[in-house]
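A.B. asks: Let's have the full structure, built from the sequences with the hints guiding it.
2 protein chains.
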Amino acid sequence: MTLIASPVVPTRGRLRPLALGEVTITGGFWAERQHVNGTATLAHIEHWLEREGWIGNFDLAAAGELPDGRRGREFSDSEVYKYLEAVAWEIGRTGDPALEDRFRKVAARVAAAQEPDGYLNTKFGRPGQGERWSALEWGHELYCIGHLLQAAVARARTRPDADDGLVEVARRAADLVCVVFGPGGIESVCGHAEIEPALVEFARVTGDERYLDQAALFVERRGRGTLRDIEFGRSYYQDDVPVRDATVLRGHAVRAGYLAAGAVDVAVERGDEELLAALVTQWHNTVARRTYLTGGVGSHHQDEAFGDDWVLPPDRAYSETCASVASIMFSWRLLLARGSAHYADLIERNLVNVVATSSSAEGTAFFYANTLHQRTPGTPAAAGELSPRASSSVRAPWFEVSCCPPNVARTLASLAAYVATVDDDGLQLHQYAPAAIRTTLPSGMAIALDVETGYPRDGVIRVRVREDAAAPWTLSLRVPAWAEGARLVVDGSEEAVTPGTALVRRAFRAGDVVELHLPVTPRFTAADPRIDAVRGCLAVERGPEVLCLESVDLVAASAGRVDDISGVRLDPAVAPRDVDGAVVVRLRRSPAHSRPWPYGGPDAEPAGAGETFDVPLVPYHDWAERGPSTMRVWLPA
Amino acid sequence: MTLIASPVVPTRGRLRPLALGEVTITGGFWAERQHVNGTATLAHIEHWLEREGWIGNFDLAAAGELPDGRRGREFSDSEVYKYLEAVAWEIGRTGDPALEDRFRKVAARVAAAQEPDGYLNTKFGRPGQGERWSALEWGHELYCIGHLLQAAVARARTRPDADDGLVEVARRAADLVCVVFGPGGIESVCGHAEIEPALVEFARVTGDERYLDQAALFVERRGRGTLRDIEFGRSYYQDDVPVRDATVLRGHAVRAGYLAAGAVDVAVERGDEELLAALVTQWHNTVARRTYLTGGVGSHHQDEAFGDDWVLPPDRAYSETCASVASIMFSWRLLLARGSAHYADLIERNLVNVVATSSSAEGTAFFYANTLHQRTPGTPAAAGELSPRASSSVRAPWFEVSCCPPNVARTLASLAAYVATVDDDGLQLHQYAPAAIRTTLPSGMAIALDVETGYPRDGVIRVRVREDAAAPWTLSLRVPAWAEGARLVVDGSEEAVTPGTALVRRAFRAGDVVELHLPVTPRFTAADPRIDAVRGCLAVERGPEVLCLESVDLVAASAGRVDDISGVRLDPAVAPRDVDGAVVVRLRRSPAHSRPWPYGGPDAEPAGAGETFDVPLVPYHDWAERGPSTMRVWLPA
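Protein chains in written order, with the numbering used here: chain A, 2 to 638; chain B, 2 to 638.
These are calculated hints, taken from the structure and not from any lab test. These numbers come from a predicted model, not from an experiment. Please note: incorrect hints may appear among the correct ones.
[Stated by the list, open to error] Simulated coverage check for chain A against chain B, where a stretch passes if three residues somewhere in it have a Cβ under 8 Å from a Cβ of chain B:
| hint | stretch |
| --- | --- |
| 1 | 283 to 297 |
| 2 | 472 to 482 |
| 3 | 521 to 530 |
Even for Gly, the Cβ is constructed at its ideal location relative to N, Cα and C.
C.D. replies: The structure is reproduced here in structure tokens:
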């Protein structure tokens, strides 16, 4: 079998992924973030994994010293695995020998902790610890093994000849899982899905169908109440309704996304159209009723969970970074299976407005939750201090539960994989960034393209063909759903294209240029009236970017006279406009009465007509880069 | 010293409480609830305390069998104490000999578990358990002792000659607390405030100042970071800012309210005007910015906590029943200290719209959280099953954390205490219910009044004097803040009165009648525009009652054509009107587009003009009595 260096490589489906070596992001918005990720974030993560003892736990295990001295939560092993996965993709991307050295050293420490029968977990199974598999609801043992498998998948696909043995470590752990949880074994599932997509991908890498069978078993078992009922209900871990009967994602948002991704994998490999159709329905209903404007999901802080339909409060948006990573995983698998552009639309929304938001510009501090309305400036974590809190107005270097930083890192390191795909007939561009693409179609025809663009700030995407084609093929370009009025320019002739995909079919010649012009003029966006929490508000978007009002800009624009973002209203009669690259809106000062009781007759509302200011908005992914501030995406109109 | 049978008996302050024996609620809204509480709820609670083993834990402790077999959470002892407190007040109210027997039996089982040095807790201190006082953040040891003291206070004040020994049990526990946490002892506080008001009240009962000193120490220590930082921050247990420096309540709402109540007690007994002023400020800011229309508090499910200013989402309102009990405790103490009617206003709002909402009509099922917008009908707990969940659309008979039912029970049993007070010059009526009041002023003058009213449904409160007065005295009647247009009728002459207090001073004669006419016509209520979550909505109130739209009424009024409460809008041009005792509003059907992505251009909002229905609303305290339903208090206009 061939090893395509990409996170998801189905054996069938509508589209075929390209390898990291076939797509290089050469500049712009994402190249900068990939560079920061590789040069700053990965080292930052390893520093904290060492500092907090989460890698050290493996050393203690190897030395037989556990449970004494073990540090971190029950799932801390998984952060080490996600770090290894990120490093493996980064090695695949850049070939950095220093990273290769780091990878081998950490992988060796992990390997040394594995028990003879393949079991690998620093939290369970030893005298003084909980028994193996005794805490499926909260123990995260299978979840951790899932991330180990994903790290091994990344390693196997980027360095197939490596002799570090991580793939063998993963194989022994996966084999044990198949024995313990296979037919006749423990008839249950992990409280946190992740083993499901991991086993399928490991089957794809190894060609061993047992892993796929086990993943299918886990997917089928879920939703049948084998896990204990808990305060949040079994929906928390999706153990309330069988996957093929569910109509919408619910419960813990990361768990829900990982499970859905794994279920798509199973459906695709098994040709299970019924299951796949159920997942498509779940995707659509979740997007239509349970998703924030940013693409983020999860309205509950309490259980990091989806709320009911239409419960999307901006000020209590949880929108965990990892939930967007999970959403991207789910959407990407459906995109490969079905090919529809709306999956890539949602991926873009999450990449631009959540993944890119989570990391600071320096790549060494992160948002775990991504609120859409910050009411108090908050205080930064003391320099170098771990934050116990998932939500804050200030990015933190590390968290007690630190799933998000390595999840962002592995996503950014493998980002090129999400740019384009191929099918028998041609190549599909899904995400727009300056890029060099060199691949061959299944027919054997070589394709070479360069993409030139200032996207997302600029709306022109120029695709320059670098190789003569022996026969016609189809170049497919995604036209985002927001891009009403988009135009396609081929050989100087221009045509209007509608949201979905724009196709150009021909025997391309080297030097051919195809241009897609997307209208990235800023625009007002309203919400479905059933989203009660933003009734009477408008947001401003520009291309795929969600914008926001940050207090620092309000203070400056009002010459210090207004510092309270709840003391202004948007003038909806003045369209947002681009002024020297910044999007400016007109706000009206609207001082509220200070009343002892904040409820009263309808006529008690203040008149509201006050002085106006033209205030620049900033892209949401850039907020909170200028110190603690208040912020809102949805502006009262 | 005299023992006034009332929960709070300060030695100084503006107003003096009356004893349960001096005020009898004789009929109407609250008498019915007191009756259900005494005849059904108390037995229901004891049944569940036995069934769940929470009383049995004391038996195990006495038999030396703990920790094996202990059941319930770390604070389960406190539910037994709150039950005892409720029973003690009920005995004081009715003299029921069967309850007296129940009280003695349970009190004896509690007493048998006390250790020789006074320590009393079934969760800590034995081999195999956590050490005493080793878990101040979450252990609730002092919290439990606080509730033990409150039970003893109720017992001492209602049956001062009882020989069951509960007061002595409490005294030994309180003495131990003073030794362990007094000067030179452990310099910290309990993660859940409650010991503070309890110690002050115990000092008031016993006359022993040591308990007051200890309470003052606890109040002063709070806010200085002696407890560990946690995910929610130290504000969770108010250990972030010293009480006298704080400007608003924050963190866990029940903890915040109990602490504030105890701090008022300390301030009053110590004559500490600076501390009292700080608490008055906290009360005002909390009421003005962090309180739901119902009077409920707590916007976060995650940490059962206050949110930032203006964060009051109706659909994620936590508004824990116990937080309203705590709010009543805080307000009542400020009312006694300061005398201002707005404290009684907030008490009424909480009593009518939260306390009365929590219990089912039968008194055997309860809301723990009190949402203002229920989006899904939900499913009832299986009959007789404990609910692991605090929030649901259906009242549950019992919870894993079951603080609310006994808190409601003790409040209802002692409710008469909140109806009226006296001062040197006369009597103040704070809450309106049919009642008989027989007391003497500090001067020795006897006062006898009967209150006749159909309040809150009817706005006429008739006070009939039953005793000739030897000298003039002042009858003070609260005019609620919403009661614009109220009128006072004395001897057939009528005058307009404004919100606050209406005073009638004279040498009353038996047979004199004073009537207060409060305008209880239904009215629209709007919210401060900074409460983003209800922008563009109106609520409907009638007198002190908040009303709501329940789906069952929408279905009936639309002849089954509309069952989705998010598919209608209020017609604000048609005032709510009283039709045969029901409040009816006009709703307009407003079907929303079903779009794949719920955000788009502002013109994409549906036109909304559809057929109209006149639909009756129900008092919020009556909702969810007709099976699972959806509901909303705030109606889009």
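A.B. asks: How does the coverage statement for the stretch 472 to 482 of chain A fare against chain B, requiring three or more residues with Cβ below 8 Å from a Cβ of that chain?
C.D. replies: Per the Cβ count (1), the hint is violated.
A.B. asks: Counting residues of the stretch 283 to 297 of chain A whose CB is closer than 8 Å to a CB in chain B, do you get three or more?
C.D. replies: Answer holds; 6 residues pass the 8 Å Cβ test.
A.B. asks: Examine the stretch 521 to 530 of chain A for residues whose CB is less than 8 Å from any CB of chain B, and state whether their number is three or more.
C.D. replies: Satisfied; 7 residues make the cut.
Hint check: a violation occurs at hint 2 only; the rest are consistent with the structure.
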